[in-house]
Amino acid sequence: MSLISLMGALEIGLIFALVALGVLISFRLLNFPDLTADGSFPLGGAVAAVLIAGGHDPWLACGLAAIAGAAAGWVTAWLNVRLGILQLLASILVMIALYSINLRIMGAPNIALIGLPTVFTPFISTVNDNAWLIQPAVLAVIVVLAKLLLDAFFASEAGLALRATGANPRMARAQGISTDRMTLAGMALSNALIALAGALYVQTQGGADISMGIGTIVVGLAAVIIGETLLPPRSLWLVTLATVLGALLYRLLIALALNADFIGLQAQDLNLITAVLVGLALVLPKIKAKLRNKQGGRTA
Amino acid sequence: MMRADNLFKTFNPGTPLENPVLRGLSLTIESGQFVTVIGSNGAGKSTFLNAISGDISPDSGSLSIDGQDVTRQTAWQRAGLVARVFQDPLAGTCEGLSIEENLALAMQRGQGRGLSRAVKASYREQFRAKLATLQLGLENRLGDRMGLLSGGQRQAVSLLMASLQPSRLLLLDEHTAALDPKTAAFVLELTDRIVSENKLTALMVTHSMRQALDHGHRTVMLHQGRVVLDVSGEERSRMDVPDLLAMFERTRGEKLDDDALLLG
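The listed protein sequences derive, respectively, from chains A and B.
Residue 1 is where the first sequence starts when you use the UniProt record's numbering, and the numbers rise one by one after that.
Residue 1 is where the second sequence starts when you use the UniProt record's numbering, and the numbers rise one by one after that.
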């Protein structure tokens, strides 16, 4: 694998680290199985692409994309807590609706951004092409910032209330926490992160495409699950770190699998590899626990 | 002061599973009074407690706490008035959070939650001092996950959590039922201490007549969704379990057939 393709894998991995942090909030912390991601990721991409193509500031585009994602997550949560629609179903409804909305926003199935200024442009040298190095570097800064901000939030009064809402809603209510409001806010935060990832994605790929969201949730979930097998969940900053590392490792493994010619895998096998990786990540902890039990039995 | 007036609650109305649980229940508890509640299975004890805490909404009747009508308030809205310890040791705390995080959650009960740090250094000192009074060695384990604690330890911490912020009413829902006898005795003793130290108004549901008479100032018995017995003061202090049974049979004209109540 060449250095360029390694950095390419890192770049996508960093973008999906933001998705994975969003998925961590919905699936793990709020205990809300949420598939909105497949719609909110391209929503962020669509909003950012339209704004950048319209000549607006790329950072502003990222901000508005995140707000659009927050609105999508809020609607999913609202369908669940106010109308009582099953969590999974509420998110599928919003995901489907977003496909139409994204087409409306983009006005066409795809928008090209080649040659237009992105958040990376100011850092890229005009003399020699160093985009392959600069883009992952800028993304790394954004991901680290997002992780640290999330850590601080989850250690705050409101953040702790959000975690209690997912862990034990009855207890949370008994402590005066409005679990409904917390779910609305948490889902908005989760999908804001995922939409931000979508906004950054279109800027690294040179354009937005209506089908770019397919499988987002699976990749995000894969990253979270791989992260969980990497590090013990002793404290929340370790969990967020594991999630980021999980996203990076996942993309690296994919790149390795696709680059190893002797296996004969090609790009169209991506989803199959994802399924195998997630399956392995789910089974490994159980095998590890079994081995540990056996050893324990021997020493006792 | 807590005042429940003519509460009615029917589960699954209009279906073959229709179950009228509360049938005109009225009870007034003066401030500072510790009331124990007994009753056989299905008498409405848990439903009554859930109605007071706001977990369920009564079909009719009214509830007020310190003169404030809370009948239509949700559980989280009245959490500032009502503190609660659940029957299930797993229910009252978050097992995935640390001991200090659980205590910090209770520190903000009934208050707004902002973006300042949840576990403040000043809180930590307070938590350590309070946990030390339990004599379980938990004061050195603030960072441990709640899930590592035994049922008895968790109930003790739940009690502590309920007393971190002032409340107008403390609800104890058979909070020793899931514990072994020795641990149950410890948690009950702790309950007595916390209630009297903080001069709390408390309502304790118990399955045991013995416990009901030994703790608190007043005992009420629920039967078929209403209060059928209410003893306090001199009369209560002279009473024993057989007296209570006899009294029940006299007022109801029927025999009590719940072994759990008799054996406790």
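Hints were generated in silico from the structure; no laboratory data involved.
Values in this document were obtained by computation on a predicted structure and should not be read as measured data.
We put the beta carbon where it would ideally sit given N, CA and C, even for glycine.
Check the hints yourself; a few may be wrong.
Stated by the list, open to error - A partial selection of chain A residues facing chain B, derived with a Cβ cut-off under 8 angstroms:
| id | residue |
| --- | --- |
| 1 | Leu83 |
| 2 | Glu157 |
| 3 | Leu160 |
| 4 | Ala161 |
| 5 | Pro169 |
| 6 | Arg170 |
| 7 | Thr204 |
As the list claims (entries may be wrong) - Non-contacting residues of chain B with respect to chain A, defined by C-beta distances greater than 12 angstroms in every case (computed):
| id | residue |
| --- | --- |
| 8 | Gly14 |
| 9 | Ser64 |
| 10 | Thr74 |
| 11 | Ala75 |
| 12 | Gln77 |
| 13 | Ala83 |
| 14 | Arg109 |
| 15 | Lys120 |
| 16 | Thr133 |
| 17 | Gly143 |
| 18 | Val227 |
Here is what the structure says about each hint:
no.	hint	result
1	Leu83	17 angstroms, violated
2	Glu157	4 angstroms, holds
3	Leu160	4 angstroms, holds
4	Ala161	5 angstroms, holds
5	Pro169	10 angstroms, violated
6	Arg170	6 angstroms, holds
7	Thr204	32 angstroms, violated
8	Gly14	20 angstroms, holds
9	Ser64	19 angstroms, holds
10	Thr74	7 angstroms, violated
11	Ala75	4 angstroms, violated
12	Gln77	8 angstroms, violated
13	Ala83	8 angstroms, violated
14	Arg109	5 angstroms, violated
15	Lys120	10 angstroms, violated
16	Thr133	21 angstroms, holds
17	Gly143	8 angstroms, violated
18	Val227	25 angstroms, holds
Going down the numbered hints, you'll see the structure goes against 1, 5, 7, 10, 11, 12, 13, 14, 15, 17, while the others check out.
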